[in-house]
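Input sequences plus hints: build the corresponding full structure.
In order, the protein sequence lines correspond to chains A and B. The first sequence begins at 1 in our numbering and counts up one residue at a time. The second sequence begins at 1 in our numbering and counts up one residue at a time.
Hints were generated in silico from the structure; no laboratory data involved. Treat the hints with care, as some may be off.
The calculated lysine to aspartate or glutamate pairs, modelled on EDC-like cross-linking and capped at a C-alpha distance of 20 Å, are [said to hold, decoys possible]:
#1 B:K150 with A:D322
#2 B:K128 with B:E221
#3 B:K128 with B:D231
#4 B:K150 with A:E373
#5 B:K150 with B:D265
#6 A:K233 with A:E373
#7 A:K233 with B:D133
#8 B:K77 with B:E62
#9 B:K55 with B:D97
Covered, in the sense of this in silico footprint (three residues per stretch, anywhere, with C-beta under 8 Å from a C-beta of chain A), are these stretches of chain B [to be verified]:
#10 130-138
#11 231-245
#12 271-277
#13 309-315
Built from N, CA and C at the ideal position, the CB exists for glycine as well.
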Amino acid sequence: MFGLDKRDTTLLLIVAGLTIFAPFLLNPFPTDSGLAQFNAGYPDLMQRFVIFGIFAIGFNILFGLTGYLSFGHAAFLGVGSYSAVWMFKLLSMNVLPAIILSVIISGLFALVIGFISLRRSGIYFSILTLAFAQMSFSLAYSVLTPITNGETGLQLTLDDPRVLGVSATADGSIPVTNLFGMEMRSTYHLIVGPWDFQFNMGYYLCALVMIAAFYLSIRIFRSPFGMMLRAVKSNQQRMNYTGLNSKPYTLAAFVISGMYAGLAGGLMASMDPLAGAERMQWTASGEVVLMTILGGAGTLIGPVLGAGFIKYFENIFSKINDNVLHGWFSFLPDGLEDFVVFIIHPFIGKGWHLTLGILFMLVVIYLPGGLVEGGQRIGNWFKGRKKSDAHQSKTNPAE
Amino acid sequence: MDAFLLQILNGLDKGSAYALIALGLTLIFGTLGVVNFAHGALFMIGAFCAVTLQKIFSLSFETVDPEKTDFLGNPLKVKTPYVESWFGPEFGGAIIDWSVPLAILFAIPIMVAVGFIMERGLIKHFYKRPHADQILVTFGLAIVLQEVIKYFYGANPIPTPAPDTLNGVANLGAVIGMDLIYPVWRIVYFCFACLIIGAVFAFLQFTTFGMVVRAGMADRETVGLLGINIDRRFTIMFGIAAAVAGLAGVMYTPINSPNYHMGMDFLVLSFVVVVVGGMGSLPGAVLAGFVLGVLESFASMEWAISLIPGINQIIIYLVAIIILLVRPRGLMGRKGVMED
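If you want it as structure tokens, here you go:
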């Protein structure tokens with residue numbers, strides 16, 4: 001289907017199914033039960049899942065395929081957000097032109113930065129992208145204040161022109177973002193017994209965009225162009241010796257992944273029309289690196305998994321506090337309960353980043369392939385136990 | 001002219017911090033071939049050594065002073081630090097006052113130990129892995145160290161003043177008949193940095209140990225074949241590099257109150273410094289540190305900002321980009337070291 005082989009079609013359908021039925025899947029606990037805090041099926045969080053999913057898919061096209069580790073990808077996300085908000089200010093509150101503009105602008109931005117940065121590879125490339133991103137961040141904070149509104153962040157106001165729309169609604173408030181009249185924030189509540197399932201317009205727009213982005217990334221992975229990028233990763237020198245110039249391929253990959261980041265930024269601004277410079281800071285770039293590695297760089301599904309994993313646990317872990325822990329461990333004897341809570345305390349609530357850091361280190365050390373490799377290993381382990389008699393020895397090809 | 005000299009001085013103290021961190025980074029890269037993203041965290045741990053020592057010295061017990069009363073007529077409680085009661089108020093007070101310089105002695109063993117544990121426990125396993133993996137794992141370690149410090153010390157900056165005698169300003173220009181008012185502690189910091197840099201270079205240049213390490217940097221395998229345990233010496237060098245970063249942090253606390261993310265802020269810049277200086281070149285790292293520090297302070301002068309707005313924010317990155325493109329191996333990089 002769609003020019004994909006059977007395995008990829010299944011993968012695409014699984015991802016599409018998961019995203020479309022996410023309001024059900026992420027909402028397994030009734031609202032009045034004690035476990036309701038583990039529900040993730042509310043619009044704001046679901047939107048973040050898919051938006052960061054898009055960001056990570058794009059990053060993976062660069063890092064997973066070519067091996068070029070960019071530490072400045074958040075700059076494209078920030079540029080995308082700014083252009084989308086400007087579109088809302090100047091043209092109309094329709095999200096479509098805003099998203100298109102943010103993709104184009106961040107693509108151009110990526111073309112310039114990529115053209116310069118890709119003259120070097122390895123750690124120098126990382127430093128160059130980092131330097132460019134930090135430059136954009138500093139400039140957005142200081143000199144470019146007329147465009148970015150500095151520390152306050154770019155926001156919509158009542159006296160924006162909005163040529164094709166209205167500056168203010170009839171009741172004198174700022175109009176909301178919409179897609180041909182369908183408001184992004186409108187949410188339909190489906191209440192089934194104690195469950196409250198929320199279907200949000202904005203989420204479904206993001207979800208559709210993510211499925212399209214995922215499909216595109218499968219096509220890129222399977223195309224001759226994708227093969228070229230893999231060749232860059234495995235041995236760029238050898239590729240050059242065969243008479244191929246690798247520069248156009250890496251540059252194209254860089255621009256594509258920059259456009260993905262811009263798309264994510266545009267969607268982010270469409271869901272919540274403001275943009276701030278902190279989205280461009282290098283910690284934000286680090287976050288997408290974490291997502292991709294955690295999920296599994298170079299795999300199709302890995303970045304999406306990683307983005308979902310980090311955003312989910314960020315949300316859940318930050319919510320758990322000592323009282324919740326005491327509730328969980330109340331079956332233990334008094335002294336032991338306090339001790340267990342004391343041990344876990346640093347890792348929850350505000351300590352979520354500590355957990356994330358440790359988790360990330362463990363993944364890099366033991367599972368370089370991320371969650372996907374972990375899943376495969378578990379799968380192999382089960383398979384291996386079943387037919388351990390049949391395949392005792394497996395010959396490895398000599399390197 | 002005055003303003004010009006003042007800007008050079010202003011740049012030197014920040015440049016000293018860049019140079020010290022970049023020196024440590026280069027030592028690690030040159031010996032072990034590892035790109036250490038956790039080096040900023042080591043700088044931060046050093047700074048928090050000073051904070052800890054100050055807190056230890058100020059541990060105090062409460063006594064009721066029968067002669068004094070507060071405004072409600074209740075007996076006044078007086079806090080006396082233990083150090084003051086042990087050594088007398090004069091000497092004890094001096095110890096508390098000088099806690100930052102004293103923290104140097106406290107920080108050296110801690111930093112060396114931290115360095116050893118890091119190298120033996122984690123980085124050892126990453127020699128054979130690609131540079132990207134090294135960056136990622138040390139990046140993770142930096143997050144962990146940073147969060148641990150945040151957990152114990154909170155998120156707010158902790159003011160750690162310099163000793164009173166070194167806290168004022170001095171008129172440096174008096175000798176040459178000019179007006180150059182400059183904080184004393186920054187001069188101390190610059191001299192301290194020069195001392196440390198000198199010590200590291202002397203150690204590498206004039207001791208047998210240093211000679212072996214230099215040989216190992218040039219060709220690790222051959223030195224190993226000669227029957228020298230080069231791994232152990234490199235581990236010691238890692239400890240020294242950690243101590244250099246830590247000491248830079250200790251002495252920096254009076255200039256900027258330490259907080260948990262100061263390491264990351266410096267790390268990004270120090271990497272840029274290392275790259276500008278040339279990967280693996282020790283003199284290059286020091287030179288680039290000072291040059292970029294001074295350039296940064298020149299760029300924050302008014303005429304520079306009026307010429308190119310925002311130049312003070314981006315000058316370092318701009319220089320790095322130009323250097324990387326024009327002279328790939330940096331100012332003083334050796335030929336063939338990570339030049340691709």
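> Hey, A:K233 versus B:D133, does the alpha-carbon distance stay inside 20 Å?
Replying inline: holds (14 Å)
> Going straight from one Cα to the other, do B:K77 and B:E62 come out at no more than 20 Å?
Replying inline: holds (6 Å)
> Taken at face value, is the distance from the CA of B:D97 to the CA of B:K55 at most 20 Å?
Replying inline: holds (12 Å)
>> So if I understand the rule, the pair passes when the alpha-carbon distance is 20 Å or less; does B:K150 with A:E373 pass?
In response: violated (32 Å)
> Counting residues of the stretch 130-138 of chain B whose CB is closer than 8 Å to a CB in chain A, do you get three or more?
Replying inline: holds (count 6)
> Within 20 Å, alpha carbon to alpha carbon, are B:K150 and A:D322?
Replying inline: Within the cut-off at roughly 18 Å; holds.
> Between B:K128 and B:D231, is the straight-line Cα distance small enough, at 20 Å or below?
Replying inline: Roughly 14 Å between the alpha carbons, so the hint for B:K128 and B:D231 holds.
> Quick one, are B:K128 and B:E221 close enough, alpha carbons at most 20 Å?
Replying inline: Roughly 14 Å separates the two Cα atoms, so the pair holds.
>> For B:K150 and B:D265, compute the direct alpha-carbon distance and say whether it is at most 20 Å.
In response: holds (15 Å)
>> Can you confirm whether the C-alpha distance between A:K233 and A:E373 stays at or below 20 Å?
In response: The given pair, whose Cα atoms are some 19 Å apart, holds under the 20 Å limit.
>> Tell me whether the statement that chain A covers the stretch 309-315 of chain B is true, taking a Cβ distance below 8 Å and needing three residues at minimum.
In response: holds (count 4)
> Counting residues of the stretch 271-277 of chain B whose CB is closer than 8 Å to a CB in chain A, do you get three or more?
Replying inline: Since 3 is at least three, the answer is holds.
Going down the numbered hints, you'll see the structure goes against 4 and 11, while the others check out.
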